[in-house]
Every structure is written in structure tokens, then in C-alpha cells.
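Colleague: Taken in sequence, the protein lines are chains A and B. The first sequence lines up with residues 1 to 113 when you count with our numbering. The second sequence lines up with residues 114 to 227 when you count with our numbering.
No lab work stands behind these hints: they were computed from the structure. Source: prediction; values computed, not measured. Idealized CB from N, CA, C, for every residue including glycine. Incorrect hints may appear among the rest.
[Said to hold, decoys possible] Take a look, some chain A residues computed to stay more than 10 Å from chain B by CB distance:
1. L19
2. Q45
3. D55
4. F62
5. R67
6. T70
7. S72
8. A86
9. F89
10. A91
11. S97
12. S110
[What the hints assert, rightly or not] Incomplete in silico selection of chain B near chain A, CB under 10 Å:
13. G141
14. T144
15. S146
16. N168
17. G169
18. P183
19. G219
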Amino acid sequence: GDSVTQMEGPVTLSEEAFLTINCTYTATGYPSLFWYVQYPGEGLQLLLKATKADDKGSNKGFEATYRKETTSFHLEKGSVQVSDSAVYFCALIPRDSASKIIFGSGTRLSIRP
Amino acid sequence: ETGVTQSPTHLIKTRGQQVTLRCSSQSGHNTVSWYQQALGQGPQFIFQYYREEENGRGNFPPRFSGLQFPNYSSELNVNALELDDSALYLCASSSKIHNQETQYFGPGTRLLVL
Numbered sequence: 001g002d003s004v005t006q007m008e009g010p011v012t013l014s015e016e017a018f019l020t021i022n023c024t025y026t027a028t029g030y031p032s033l034f035w036y037v038q039y040p041g042e043g044l045q046l047l048l049k050a051t052k053a054d055d056k057g058s059n060k061g062f063e064a065t066y067r068k069e070t071t072s073f074h075l076e077k078g079s080v081q082v083s084d085s086a087v088y089f090c091a092l093i094p095r096d097s098a099s100k101i102i103f104g105s106g107t108r109l110s111i112r113p
Numbered sequence: 114e115t116g117v118t119q120s121p122t123h124l125i126k127t128r129g130q131q132v133t134l135r136c137s138s139q140s141g142h143n144t145v146s147w148y149q150q151a152l153g154q155g156p157q158f159i160f161q162y163y164r165e166e167e168n169g170r171g172n173f174p175p176r177f178s179g180l181q182f183p184n185y186s187s188e189l190n191v192n193a194l195e196l197d198d199s200a201l202y203l204c205a206s207s208s209k210i211h212n213q214e215t216q217y218f219g220p221g222t223r224l225l226v227l
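If we strip away everything but chain A, and leave its shape as in the complex, we get:
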């Protein structure tokens, strides 16, 4: 079945460091891909999305590119801030089903001042 695999955390970086969180997926056809962020004690917020191959989603300095050939959607940011500390979830919606989001297990990111 469809699934999402993302790098295990926790990831700890210093402020202004470069961030990459790896995400790969398994799906039939071409799903839509998402990154959601969950700040402590809160629900999920949509960070960015891409709906077809080679699309780049971006928001708040974060970027991810839909790579069909490697079935990947890695999250990157050039210079992280303390306020980026959160749990990040990679997710997909299968092309044949707009009903459900399939999430990865999440990556906890901590940024040191």
C-alpha cells in the first residue's frame, strides 16, 4: 500500500544552520505531496505542498521539490531559526483517493540559539 518514510529524529541544529529532512514515498500513480508542521501543544499546520512531478513547494523559507524519479520530497531550509523547532510530517494524498492523508512518522527538529 501507499506509505511515507521520513528520517528519524530528533534532529538538533544550531541557529542559521542548513536543514534537510529526507522524505521518500511509495504510491501508485502520482500522489500529491505535503509537509505539515506541528508546534508544541498544537495541531498540524500545512507548510507546503506539490501536486505534480518537478513542482517546488515553498513557504516561510522552506522548500521541497517533487522528485518522481527518486520518489522523494525532501524538506530544506537555508538558515533555520529557534522558532522552527517543531515536529515535521511528510505526507501524501493518493491520486485515486482524495479522502485520506497518509503521514510519515514525523521528525522532531530542535534548534539551539
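Given chain A, work out where chain B should sit, using these hints.
Modeller: What follows is chain B alone, placed relative to chain A:
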């Protein structure tokens, strides 16, 4: 534009009891999905409601049931609570009218079953 709201924010129940969680969808959205997020895990899809009908269900037993009302708000009911039902329950709304598949989440209800 109001976002997705959920009530209550926290709830404590004992094993065997029943619980009802509530969700109000974002303005203009006609579809509500429910997810269960166990501690340290990603959310798992429970089911989705569209136009008051169930429109897809995940791998959850029948004691998890739901409703959607004409104003598109929704309820999640869980009967015969088990300890493993302790989790954060998230509601998300979206709009199928414009084939909008992006789902927007509420803050969640944290359920503890003792």
C-alpha cells in the same frame, strides 16, 4: 474566515466509557476528516464525511463512528473505550466543490483513557 475548531481540548475517560468529540469546519469547506495521533506517531486516518455521508474509512473498528451535520460540522463517537484509544484526535476540513484536496487541521482533542 474562521479556522477549524474542536471541542473539548482535553478529556479524561475510563475504560468502557463512550466519548463524543466535536469539530466545526473552516468556512466554505464541506468535507471533514478525522485522524488519530498516538504519542510520537504520525496521524492515522479514521474516516471522512462529505455531504453528511461517510466517504472513506481507515483501519478502525466499528466502535469508531461519526456524523456530519447540514452545517458541515462533525462529531466523532468512540464506544467501549480502550486504553489504546488515548491519543490526540484531529479534525481536518477541506472542500470538494473545487476539488480542493488540501486539508486544514484543528488544534485537536487530547483524550486520555484510564
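Colleague: If a hint holds in the structure, say so; if it does not, say that too.
Modeller: Do the hints match the structure? See the list:
no.: 1; hint: L19; in the structure: 19 Å, holds
no.: 2; hint: Q45; in the structure: 7 Å, violated
no.: 3; hint: D55; in the structure: 14 Å, holds
no.: 4; hint: F62; in the structure: 16 Å, holds
no.: 5; hint: R67; in the structure: 20 Å, holds
no.: 6; hint: T70; in the structure: 21 Å, holds
no.: 7; hint: S72; in the structure: 17 Å, holds
no.: 8; hint: A86; in the structure: 14 Å, holds
no.: 9; hint: F89; in the structure: 6 Å, violated
no.: 10; hint: A91; in the structure: 8 Å, violated
no.: 11; hint: S97; in the structure: 7 Å, violated
no.: 12; hint: S110; in the structure: 15 Å, holds
no.: 13; hint: G141; in the structure: 16 Å, violated
no.: 14; hint: T144; in the structure: 9 Å, holds
no.: 15; hint: S146; in the structure: 7 Å, holds
no.: 16; hint: N168; in the structure: 6 Å, holds
no.: 17; hint: G169; in the structure: 3 Å, holds
no.: 18; hint: P183; in the structure: 21 Å, violated
no.: 19; hint: G219; in the structure: 5 Å, holds
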